[in-house]
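Each chain, written out:
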Amino acid sequence: MSVMTTEKFLVEARHVKKYFPIRSGLLSRVTGNVKAVDDVSFGIREGETFGLVGESGCGKSTLGRVMLNLKGATGGEVLFQGQNIHAAGSRELRQLRQEMQIIFQDPMGSLNPRFLVSDLIGEPLRLHRRMSAKQIDDRVCELMELVGLDVSRRNRYPHEFSGGQRQRIGIARALALEPKFIVADEAVSALDVSVQSQVLNLMMKLQKDLGLTYLFIAHGLNVVRHISSRVGVMYLGKIVEVSPTDGLFAKPLHPYTAVLMSAIPTPTPGRKRERIILQGDVPSPANPPSGCRFHTRCPFVQARCRSEEPLLRTLEGDRQVACHYPLI
Amino acid sequence: MTQNLLEVRNLTTGFHTERGFVKATDRVSLAIQEGQTLCIVGESGSGKSVTSLAIMRLIDYAGGFIESGEVLFKGDNLAAKKQTDMMRIRGSKMSMIFQDPMSALNPVFSVGDQIAETLRIHKHMSDKAAWNKAVEMLRLVGIPSPEIRARQYPHEMSGGMCQRVVIAMALACDPELLIADEPTTALDVTVQAQILDLLAKLKRELNTSILLITHDMGVAAEIADRIAVMYAGAIVEEGAVDEVFEQPRHPYTIGLLRSIPGIEGERGGELYTIKGSIPSINELPSGCRFHPRCPHVMERCLREEPPLMADERGHRAACWLDEVPKEGA
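Going line by line, the protein sequences match chains Z and C. Residue numbers for the first sequence follow the numbering used here, beginning at 1 and rising by one. Residue numbers for the second sequence follow the numbering used here, beginning at 329 and rising by one.
Isolated chain C, as found in the complex:
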């Protein structure tokens, strides 16, 4: 019996702006089991990064807040915690990797120092022990001659190397949950392949649960056990990776997968497109948020918002089409 390491229930977040309250996520619910990797995919502005910031409670520092909902980490509601308590959890029980490794590292400290700092604070290690562990972490993430590299500064390293350092730092305290927000987006494909390979290896060896945020369906297919698709602040589909990719149920997911040019098969023809563009989150359409762009829109979609409805295998989709008896496929 596996239990949920993280469970997010009806998480609604937002930001106070000049124009009043702007919602960023709308009743987002998701769960990650121990050792599992969940990928949140979606286009820009879909609320995927805000979800991750809210889970870490870093949203408070980004000018936003959690309006309602719960973030249960091993049954403990993080949404109700004080920031002083969160400081003990962040970096030790759960940690985060950001998109741009260069700005996630402090340019005036050596990378070894920065990894050791986490260990001194959270694990109360001595300077010497923390430094040795930092070198060991650098070795774990595949940095050659880690004893020398640990003394170097971020500017002396390439983007891929820096991302490895950030991963080493995130994993130093042996966290149970690793949140990675577009960890390979800023990297070249060959370096991206190295980092994805590393994450897969770490997942195998350390059994860390991973929440990975990406806009790249390819990356998600590669690394995820489960996928959650976000559109305009809400999850519209969620399920096991094979099911979502092979039998997508929400028209948005279907459209997204069809509009990506492939690297095999037919090419050069007209690509499938989802008409229109992503709505601004404070001008959401009525009913189903996808209805103005949906090729299957029905009268009901304009009035009523579809909830996430699960099939017998736990594959959830928020679409009224699922209730209509299908003729053919």
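In isolation and in its complexed conformation, chain Z is listed as follows:
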């Protein structure tokens, strides 16, 4: 496989698969699989932000969770600093979890409403570190300052904070154990633009100061472009293109990437871009099309695309694309 290079990645997915069984009938037999993630390989370099984009149902969130072993994999492996986290024992995994954290989309859903903010941020410390109450409190204050929260409000409940502040609580909690790798799953998608820019700035500052590595999952392409050094594009459980951000946005190689780019509405009236309007809807991941999964909607489809599945191959140095006829 050409994707397996000798390059050192902090986190690497190798042929990762995640299927959800469909059960039906009287005996609840497995009658099919939803292939949420189907044979995905990619690597994230230390200190970079890897953006993962795609439409709803493409499997990007599932992949994010498999990358942390929050969901088991049906096949393949995920290496963190060379160690397969899906083969790790429970004790090893407990160690590994301190290195890998996640920030969720909806802070109201991920923060226990009956916990004080100081408990929420301090919880990982209580579970993983032998620290006195005083030490925990000091660390909580330090973390709150780090993410720009008012320390005097640490004995309040999450509902007393605004959406942007709650997301900062989520970030502080994720940072408590000084992780190396953070998955941000639609971390700014639910925020209003004026608050979104504050949180994005914070995440970028933290990355610089603490040397964090991000997997940034989002559907907002402008946000992904802003924060990521490289971007992976997913469609129906497959990564169809991986590229450094500037190259991807300047010249998408996969037709689906081109379609996604052309669909972004921009706040510049009058400057109408050439828009490719797709026909039809995303096919069901339980029954993906033969050959290239995008062939049913691809504006440039050819006979070969219907029968033969294109593999992710390296093109133009650092760029990879899974298409028989990339847009060169």
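Take the hints with a grain of salt, since some may be wrong.
[As the list claims (entries may be wrong)] Think about it this way: if two alpha-carbon atoms lie no more than 16 Å apart in a straight line, the pair counts; the simulated EDC-like pairs of lysine to aspartate or glutamate are:
| # | chain 1 | residue 1 | chain 2 | residue 2 |
| --- | --- | --- | --- | --- |
| 1 | Z | K208 | Z | E48 |
| 2 | Z | K251 | C | E592 |
| 3 | C | K603 | Z | D150 |
| 4 | Z | K208 | C | E598 |
[To be verified] Residues of chain Z placed beyond 12 Å of chain C at every Cβ, according to the derived structure:
| # | residue |
| --- | --- |
| 5 | F20 |
| 6 | T31 |
| 7 | K71 |
| 8 | E99 |
| 9 | Q105 |
| 10 | S132 |
| 11 | D192 |
| 12 | K205 |
| 13 | H226 |
| 14 | P265 |
| 15 | G291 |
| 16 | R306 |
These are calculated hints, taken from the structure and not from any lab test. Here a beta-carbon is modelled for each residue, glycine too, at the ideal position from N, C-alpha and C.
Dock chain C against chain Z, hints included.
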């Protein structure tokens, strides 16, 4: 000479809550001409949805009410109408599309039935005629094999399809005004592009006036003729789409546009931010409601609330800065 199809004058709305009266919109005035699209943009809690509900008089059912002001639809004040009269207007002369198409459709009736119902009620069509028209409407909004699709139920369709059905239903009685509240927010970008394309086509072909509510400046830029920017219950800027985007006058609009990461040009630098957060509407600051977050705040902004002041091209902004002679740009 074009005339205003809809004119909202000093609309103040609110809700009765445990803590007393809470204002949701504060003296909102706007106008839509025939065939025009006005977009109301703003962040959550700015009062944009409440404005649309008040225009439809649906606010009565949401626990709120119109405190003062007028909603003139072709010169007729809707704010003073009885709900029984509104029922004849809603769905026929003006209709509405909501954010979540799945919850706007009834799951136990076929989509064709639901479109036909509007026609039977408002246009007194026979069952057969209404059904045929429903199929025709589905074809108009770009649903393939509409004869078959009309017999299907909402759960058999994707989100984008359902939104098309809702649009078909809203347009079935040939309304003069279509109100769309975040019609593409729940949809993916490629589907959003399809729906925006459809709305533009319908606007061209049917000359329907559209009031579109969105938080996405990109969507607004794409479809609007005029833009109204709302902040904490009031309109702070309003004007032709090109002028608002190219020469925004209110510091809030300027800040909003600058804090959106672009898809071209420089990236990765520090994004512009508007400091602080949106005030709660029952704890509005004195004077200008934006002053605690404004980078250009002056002494006068703390005391006096700026009215919407129009320039010679009808571009209105509520900011005292406009009265200060500008040095440079």
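Here is what the structure says about each hint:
1. Z:K208 x Z:E48: holds (10 Å)
2. Z:K251 x C:E592: Holds, at roughly 12 Å.
3. C:K603 x Z:D150: holds (15 Å)
4. Z:K208 x C:E598: Roughly 12 Å between the alpha carbons, so the hint for K208 (chain Z) and E598 (chain C) holds.
5. F20: At roughly 19 Å from the nearest Cβ of chain C, F20 (chain Z) sits farther out than 12 Å, so the non-interface label holds.
6. T31: holds (19 Å)
7. K71: Holds: least Cβ distance 23 Å, greater than 12 Å.
8. E99: holds (25 Å)
9. Q105: holds (14 Å)
10. S132: holds (35 Å)
11. D192: Violated: least Cβ distance 4 Å, not greater than 12 Å.
12. K205: violated (8 Å)
13. H226: violated (4 Å)
14. P265: At roughly 3 Å from the nearest Cβ of chain C, P265 (chain Z) sits no farther out than 12 Å, so the non-interface label is violated.
15. G291: With a cut-off of 12 Å, G291 (chain Z) remains clear of chain C, as the shortest Cβ separation is near 20 Å.
16. R306: Non-interface label on R306 (chain Z) holds, nearest chain C Cβ at 20 Å vs cutoff 12 Å.
Hint compliance for this structure: hints 11, 12, 13, 14 are not met, and every other hint is.
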